[in-house]
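Let the sequences and hints guide you as you build the complete structure.
Protein chains in written order, with the numbering used here: chain Z, 1 to 369; chain L, 1 to 559; chain A, 1 to 369.
Among the hints, a few may not be true.
To be verified - Among the chain Z residues that face chain L by a calculated CB cut under 10 Å, a handful are:
no.: 1; residue: K14
no.: 2; residue: I19
no.: 3; residue: Y81
no.: 4; residue: D84
no.: 5; residue: N85
no.: 6; residue: E200
no.: 7; residue: V211
Stated by the list, open to error - Derived DSS-like pairs: lysine-lysine, alpha-carbon spacing no greater than 30 Å straight-line:
no.: 8; chain 1: Z; residue 1: K280; chain 2: L; residue 2: K480
no.: 9; chain 1: A; residue 1: K106; chain 2: Z; residue 2: K24
no.: 10; chain 1: A; residue 1: K152; chain 2: Z; residue 2: K113
no.: 11; chain 1: Z; residue 1: K280; chain 2: A; residue 2: K9
no.: 12; chain 1: L; residue 1: K317; chain 2: Z; residue 2: K280
no.: 13; chain 1: A; residue 1: K152; chain 2: Z; residue 2: K116
no.: 14; chain 1: A; residue 1: K46; chain 2: L; residue 2: K72
no.: 15; chain 1: L; residue 1: K31; chain 2: L; residue 2: K236
no.: 16; chain 1: L; residue 1: K479; chain 2: L; residue 2: K324
no.: 17; chain 1: A; residue 1: K278; chain 2: L; residue 2: K428
no.: 18; chain 1: L; residue 1: K479; chain 2: L; residue 2: K520
no.: 19; chain 1: A; residue 1: K361; chain 2: L; residue 2: K78
no.: 20; chain 1: A; residue 1: K310; chain 2: Z; residue 2: K97
no.: 21; chain 1: L; residue 1: K72; chain 2: A; residue 2: K2
no.: 22; chain 1: Z; residue 1: K13; chain 2: L; residue 2: K410
no.: 23; chain 1: L; residue 1: K78; chain 2: A; residue 2: K5
no.: 24; chain 1: Z; residue 1: K280; chain 2: L; residue 2: K381
no.: 25; chain 1: L; residue 1: K409; chain 2: L; residue 2: K480
no.: 26; chain 1: L; residue 1: K85; chain 2: A; residue 2: K106
no.: 27; chain 1: A; residue 1: K361; chain 2: L; residue 2: K85
no.: 28; chain 1: L; residue 1: K18; chain 2: A; residue 2: K278
no.: 29; chain 1: A; residue 1: K310; chain 2: Z; residue 2: K49
no.: 30; chain 1: L; residue 1: K78; chain 2: A; residue 2: K9
no.: 31; chain 1: L; residue 1: K256; chain 2: L; residue 2: K381
no.: 32; chain 1: A; residue 1: K278; chain 2: Z; residue 2: K113
no.: 33; chain 1: A; residue 1: K278; chain 2: Z; residue 2: K280
no.: 34; chain 1: L; residue 1: K6; chain 2: L; residue 2: K256
no.: 35; chain 1: Z; residue 1: K116; chain 2: A; residue 2: K106
no.: 36; chain 1: L; residue 1: K143; chain 2: L; residue 2: K201
no.: 37; chain 1: L; residue 1: K78; chain 2: A; residue 2: K46
no.: 38; chain 1: L; residue 1: K381; chain 2: A; residue 2: K278
no.: 39; chain 1: L; residue 1: K266; chain 2: L; residue 2: K236
no.: 40; chain 1: L; residue 1: K381; chain 2: L; residue 2: K324
In case anyone wonders, no lab produced these hints; they're calculated from the structure.
Since the model is a prediction, treat every value here as computed from it, not as a measurement.
The beta carbon of each residue, even a glycine, is placed where N, CA and C say it ideally should be.
Here are the chains, one letter per residue:
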Amino acid sequence: MIEYLRRILALIKKEFITIWQDPKSRGIIIAMPLLQLFVFANAITMEVKNIDTVVIDRDNSVESRELLSRFEHSPRFRKFYFADNEKDFQGKIDNQKVQIGLYINNDFSSSVKAQKPVSVLVIADGRQTNSAAIAGGYAAEIINGYNEEITSAHGARINPVVRNWFNPNLEYRWYILTIIIAMLALVITLLLTALSIAREREMGTFDQLIVSPLSSFEILLGKTIPPLFIAMILTVLMTVIIITCFKVPFAGSMWLFLVSVFVSLLSIVGVGLFISSICKTQQQAILGVITFQMPAVLLSGFISPVEDMPKFWQYLDILNPVKYFMVLTRGIFLKGMEIYDVITNLIPLFLIAIITLSLASWTFKRKLD
Amino acid sequence: MISTVKIKNLMKNFGAAKAVDDLSLEIEKGKITGLIGADGAGKTTLIRLIIGLLLPDSGEIDVLGLNPFTQKSELVSKIGYMPQKFGLYEDLTVIENLRLYADLKGLDIPPDYRFEKCSDLAEESGKNQQNHPQNSACGALDKMLEFTSLAPFQDRLAGDLSGGMKQKLGLACTLVGTPEFLLLDEPSVGVDPISRRDLMKMVREMISPETTVLWSTAYLDEAHSFDTAVVLDKGKVIYNGKPHDLAPTPEEFEEKVIELMGGYKKEPSKIAQNYVYNNEFKTDTSSDYSNYADEADFCSVEADNLEKKYGSFYAVKDNSFCIKRGEIFGLLGPNGAGKSTSFKMMCGLSKPTSGTAKIMGIDILKNPAQARSNLGYMAQKFSLYGALTLRQNLEFFAAAYGIGLFDRKKRVDEIIEVFDFQTVQNQKSEDLPLGFKQRLSLACALIHNPPILFLDEPTSGVDVIARREFWNHITSLSKKGVTILVTTHFMDEAEFCDRISLFYKGETIALGTPDELKKKAALLISHSDQTSGVQQSRAHSGLPSMEDTFITLIKESGK
Amino acid sequence: MKILKSLIKKEFLQIIRDPSSIIIAFVLPLVSILIYMYGVNLDSVKVTLGIKNDDANPEIATLVKSFGHSKYVKSIVYDNETDIQNAIARSKIKGAIIIPNDFSTKLSRAQSADLMIITDGSEVNTANYVQSYSTSIANGWLAGSKYKTFAKAPVITPELRIWYNQDLNSHYFILPGSISITMTLIGILLTALVVAREWERGTMEALLSTRVRRIDIVLGKYIPYFVLGMLSMMFNVFLCVVIFRVPFRGNFLILFSVSALFLFTLLGVGLTISSKLKNQFLASQVSLGIGFLPALLLSGLMYPINSMPKVFQILTGILPPRYFITFIESEFMAGTVWEIVFINAVFLSVLGMLLFLAVYKNTDMRLVK
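Take a look at the structure:
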């Protein structure tokens, strides 16, 4: 038993030195995720700000100017261009000089005075469908607000009172950071594992390992633990940064979180080592990584919910460790997920880890020929 | 005398290390100059400086009247250079590699050039018009393919060729375009004697008399046959002259060169002295081997009808041998004969199609961990962890072979002392000179005092002194009871073996002591003498040299 | 010229011999488009909501029913709030509606009636959908209920129009946008190792001792992968336009011309990494680290660049996909808008030229060690 541990420890030490020894490689592994975390945290927002607008005000009345001043006072709207004709108006939108167009017809003030229904045309640039819908929504909100002001009597209406649990102000940063943690951990882990076997094969050191009394299980452990350890440290570091620097409240149990990160990383290590074990060259290995990474991220549920996908993708997604990983980081971080739900997500991750790691270890042996 | 290369006071440092130290040298036009020296003497650096691949720190170089520093682009069109890794694209076929280099050298050949096609063209043009420029280039390639006997393999990927054929292809790629100056950096490393002779013949016959050749080599018999020999040591020229002036025979030449390089004094091997043969080695206790009273019957290493088939092709066929304790057993044979495959099957790197391999009576496939703990393995090319320091490599392998923490430190210290590694123990092993790397590989293989050593071309590319030292250790170890399985292409090394198995086309064609094999060859030679009446040169003993034995037996079997 | 030609030919042969690059050039687009087409859905997310009705008035039961009839909502009726809390915590439902007991009374008095909407704020996107679906279902119900007589029609209503994408089909913008992400991966990964490989295998040393010029080496790498990349690009467009019927309003000649510039820039990124590092392992790490996430998250496809802080807006300027996304969305959805074509083409050319210079400079004609 002691002999066994000793051998594995030696393998682990060797991996660490190999990963850590090259300052360039070290820099990439530490600096790259932290830098990306910092950039993503500050740059990504779902809020649409700095909206530029082109306006045609055919009415040019007190009322229409009053409406426009509501826009001018909104912090979301930035520049206003007043167009003289439709051609100019359309040109500004075509050229993406503006994101929103407002068109007020010449019957605006007369209708308002007569309390007769009148509409204001809001045009959004559908080429950026996401932000167009949001910006259009803001504009509608301002117009509705103005309508409230000028309407004398209110009738029966529904007043939605919204309570957002776990994230009262619906801060997008809270959401995206708990996801980015998982994505960056994914990238680091794949970086550390996917090339490791392919590289030893290219250099001939893998033969040397096989000829030693080390069993393929021991070799596998030696390849699993160091990346797992490094990725774990970095993930914890990123978590600390997110809690302290970016002030995202941590709602759940830290122990559950650490266990979940550990198991998730283990399953990704498994996938990485499996890719590495079937590739002959490093070129094949990185292409293999991308073919896994891209679908895994896109189908993880962060862009659109998994339950909303066609059945086929949903079935395929059962094998996607990133999906569970994100549910866990977000769930524990923001919702304080309970142990029962954590375990239901950990079981598939465990299975993925076991399957991929055994496949990798089996491939070591098979590759002897 | 017309000189192709004139070098004056050349200096080149890598960091603190002096690779080329105030070197002055002239290389004569139209001659073959051999470049000899220990590892790290600066041979490769000098060649790279001559063709302008490296920039000198100071000094002057003039090559074919050009300055490689400023006129590299003009210079390269006049030279042919074969680097150590010979620059072949392994994922391209033979013909594609050749076409690529022909194009790069500015030869005018049709883009769809193939061997048969061109000879057809040549025949036609032979009838119609003589010396069509296209066809002359074409003809040169034809001649090259024919000469290297690569023509039948023209559509094979370069990566799938055997070592000797790769080398021939590399040389062919260098020779196309008839360069005025040919620079070959150890072209014969890892090549069997037959291919080595072919390479030499290729160079001598494919070049014009005006061509200058600079040939760096570790084979001193090869160097002895050249017009000039330049011996480098620590970046300086320590001999420059005719090899025959130094010594009349290759054997004496070797001694002289060794003397020049600082001399080699055979000392009792500290490594062997340090070695402890452990009588408690784990043999298969379950079998009745442990009951063998007479150790003489016990096979330390045993191959029993080993076979390896790829489809219907036998890479190794019906291979059986038994190596006794303390025996040095050599696997010899041309490149691609199946010795590497046999070797790999013996250490469990490759699964045999049928048959068994046993180490100390333990089946390597059934009980790999136990079998391998008896084994020290040294791979063909340096395959230790380059990122780890020398000491860390030793510590890693010590632990991998299950040496405990406290014993480990002691053992590693011991090994470092025995191997004289004290000064370099904290250097990254990828930065070590080749000689050190090779000794480190041996040290790692010996770290657990194994009763059995497997050495796969352990001295490829290693200089002559290091080779002698190495073999001193090996023979001394065998005297202490270590069983050794070795492959090599150096025929002088084969003489150290107690028994040799000669491989050809996957089968053992001869098995016996070196003298038994020589006698067998002698019989064949005298037989052919009688029939053909040709006189063959003989060594004084009346027996042919090991190299002649090798070639004779292979050729006989090929008939 | 002849030298360049044979170098290009050599590179093509290598591409053919190791089909992993060809696979990546054609399989990656296919996988990615299938994912974006079927796995990613940004406009009509289906959500499960909990409903608790405290108002006994039978008319209000029809409101509960109309939640059940909406095609975007699946509703589950709950009796108490604890169950709702648990269900949200376990992600069984994405939000809940609570109808207060005075809901009908207020409406019949022509007053504003509160409707409580609870969302799971840990999934910000979904929370937004929950809000807007619930509000619009409730308003739709009001307009058809017996309380409509107490309601007063607003005077000013916003009339929202989304140009270029009237149906608000998010696939029309996300599929062309995805091309630019896929091409970024392909362009960088194809070339990131090809120079490093030649250094490691020693073929570069042999090349440098022939009459090959620096420009031959550089173009010898650019041209083959450019051709492969363009074929991959065309395949992408073919899938988008012909197979998945995304409307294309622009001009194919312009589309492919700007695509060529884009590809030129991307190959520059890969080749710079490769020729600078001369080491496959490091080159793989860098390109895996920077290849995917920044292109996905910062290029403007998912998140509006306009809303980022100024520094980060400028920072996105070094990302080639940023320009291409703007261009390709516009070319697909609005047809050729010269100003947009021109600006983005200029930026891509400048980036491409700078990278080309970097590649040229980093292509060593001598050994360093």
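**Q.** Unsatisfied constraints (hint numbers, rising)
**A.** 3, 4, 5, 8, 9, 14, 26, 32 and 37
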